[in-house]
Amino acid sequence: MIGITHIGSYIPKGRISNIERKTQFETDDNFIHNKVGIVNVSVKKTEEGTASMAVKAFEELEKKNSIDRKKIEVIILITQNPDSNIPHSSALVHAELNLPESCACFDVSLGCSGYVYGLSIAKSFMENNGFKHGLLFTSDPYSDIIDHEDKNTSMLFGDAATVTYLTDTPKYDLGKFTFGTIGKECETLICKNNKLHMDGRGVFNFAVKYIPVDFKHILEINNCLKESIDKFIFHQGSKYIIDTLTKRMDLDPSKVVFDIAEYGNTVSSSIPIILEKEMNRKSNKCIYICGFGVGLSWASNILYRTD
Amino acid sequence: MEVTINDLKEILANTSFGNNAKLLDANDSLREEGVDSLDLLDFYLNIEEHYNIKVNDEDVAGLLTLKDYQKYITEKLNEG
Numbered sequence: 001m002i003g004i005t006h007i008g009s010y011i012p013k014g015r016i017s018n019i020e021r022k023t024q025f026e027t028d029d030n031f032i033h034n035k036v037g038i039v040n041v042s043v044k045k046t047e048e049g050t051a052s053m054a055v056k057a058f059e060e061l062e063k064k065n066s067i068d069r070k071k072i073e074v075i076i077l078i079t080q081n082p083d084s085n086i087p088h089s090s091a092l093v094h095a096e097l098n099l100p101e102s103c104a105c106f107d108v109s110l111g112c113s114g115y116v117y118g119l120s121i122a123k124s125f126m127e128n129n130g131f132k133h134g135l136l137f138t139s140d141p142y143s144d145i146i147d148h149e150d151k152n153t154s155m156l157f158g159d160a161a162t163v164t165y166l167t168d169t170p171k172y173d174l175g176k177f178t179f180g181t182i183g184k185e186c187e188t189l190i191c192k193n194n195k196l197h198m199d200g201r202g203v204f205n206f207a208v209k210y211i212p213v214d215f216k217h218i219l220e221i222n223n224c225l226k227e228s229i230d231k232f233i234f235h236q237g238s239k240y241i242i243d244t245l246t247k248r249m250d251l252d253p254s255k256v257v258f259d260i261a262e263y264g265n266t267v268s269s270s271i272p273i274i275l276e277k278e279m280n281r282k283s284n285k286c287i288y289i290c291g292f293g294v295g296l297s298w299a300s301n302i303l304y305r306t307d
Numbered sequence: 001m002e003v004t005i006n007d008l009k010e011i012l013a014n015t016s017f018g019n020n021a022k023l024l025d026a027n028d029s030l031r032e033e034g035v036d037s038l039d040l041l042d043f044y045l046n047i048e049e050h051y052n053i054k055v056n057d058e059d060v061a062g063l064l065t066l067k068d069y070q071k072y073i074t075e076k077l078n079e080g
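Heads up: the sequence lines are chains A and B, in that order. The numbers in the first sequence follow our numbering, run straight up by one, and end at 307. The numbers in the second sequence follow our numbering, run straight up by one, and end at 80.
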């Protein structure tokens, strides 16, 4: 069975402070710290792009783990901001990492639900083809499409990339997945003229109405009790959304992770950045992950520790 | 269905504004009393779910006090 073995993350060192912009955005420290929950957003260097950030995530992975590049059979890159339309950015990553010619490469266009979708795609693709070593990248440099005068988006989104090493000897097995899409609401989060536009009320309503219903479904199909989940990792949209989901789903707040104050909402990278840390706690036998956003779409899974 | 100020205080108390809602008067400005933009999003959704109505984006700018909400919701319910 294919599952998650290791994760590497790259968060650029550049920062834009929301505190320094509080007058411009007519807000205050309390709102920034306790409601939005994002004090700084990470921002890449101008010369960095989707593929180069992904490569840096892989270098972080290699610093902590021994990875034999010659064994990699597939790389999948989740992004909606590729370096170019042609070629696909995963091919650029392939070249930069000097991976084998036999390695399959493709991009997947998804946003905040993308990591969970990507796990399902990688697992299916690898198991169907008898592969044992794959890499799932997330890399979405939103700073390229953010209008820094737009409070709705500029205070939230940060740049980052991650890579998840999937093998047949994983640290975490993957449970059954749930997915969903409300396509008629797709303009709630949309990029027009190369700028991101977000209807904050629409995103909030979508998340807090649909995710609690989906949660009951995923518990049922995995024959899992809410009480047996050790950690809840939602897509890190904003503190207010996570707090509202915690309340509506009647979760133990000590089990719900929110940890993006210093870099912001990193889209498809938000879950794996948190998961990388939580995987190191042996007490996390069972972890719920749920991505939601662009589409509007969502995907959820329950991860089970193997040792 | 009758819409009371106390019902609206209960609904608002379900947001992160919490029990401060119970101290409001019907004609207090919610924003001036500290209800922020995110609490309002939660308040709108809770109203929609409680009364099974739609709180339209184009209407919310005119809703400043609990009294305004009471009138707005009552009219929506009477529209049927």
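Since the hints were made in silico from the structure, they are not lab data. Since we're looking at a predicted model, the values are computed, not measured. It is possible that part of the hints are untrue.
[As the list claims (entries may be wrong)] DSS-like, lysine-lysine: derived pairs with alpha carbons at most 27 angstroms apart:
1. K54/B <-> K132/A
2. K209/A <-> K76/B
3. K71/B <-> K209/A
4. K151/A <-> K176/A
5. K209/A <-> K171/A
6. K35/A <-> K285/A
7. K171/A <-> K45/A
8. K54/B <-> K184/A
9. K22/B <-> K54/B
10. K35/A <-> K171/A
11. K35/A <-> K76/B
12. K71/A <-> K277/A
13. K71/B <-> K132/A
14. K239/A <-> K54/B
15. K9/B <-> K35/A
16. K247/A <-> K54/B
17. K209/A <-> K22/B
18. K176/A <-> K277/A
19. K45/A <-> K71/A
20. K151/A <-> K70/A
21. K9/B <-> K76/B
22. K184/A <-> K76/B
Comparing the hints with the structure gives:
1. K54/B <-> K132/A: 51 angstroms, violated
2. K209/A <-> K76/B: 22 angstroms, holds
3. K71/B <-> K209/A: Holds, because 26 angstroms separates the two Cα atoms, which is no more than 27 angstroms.
4. K151/A <-> K176/A: 37 angstroms, violated
5. K209/A <-> K171/A: 32 angstroms, violated
6. K35/A <-> K285/A: 30 angstroms, violated
7. K171/A <-> K45/A: 34 angstroms, violated
8. K54/B <-> K184/A: With a Cα-Cα distance of about 17 angstroms, the restraint between K54/B and K184/A holds, given a limit of 27 angstroms.
9. K22/B <-> K54/B: 24 angstroms, holds
10. K35/A <-> K171/A: Measuring from Cα to Cα gives roughly 34 angstroms; hence the hint is violated.
11. K35/A <-> K76/B: 31 angstroms, violated
12. K71/A <-> K277/A: Holds, at about 25 angstroms.
13. K71/B <-> K132/A: 63 angstroms, violated
14. K239/A <-> K54/B: 25 angstroms, holds
15. K9/B <-> K35/A: 21 angstroms, holds
16. K247/A <-> K54/B: 23 angstroms, holds
17. K209/A <-> K22/B: 26 angstroms, holds
18. K176/A <-> K277/A: With Cα atoms ~23 angstroms apart, K176/A and K277/A stay inside 27 angstroms; holds.
19. K45/A <-> K71/A: 31 angstroms, violated
20. K151/A <-> K70/A: 45 angstroms, violated
21. K9/B <-> K76/B: 19 angstroms, holds
22. K184/A <-> K76/B: 25 angstroms, holds
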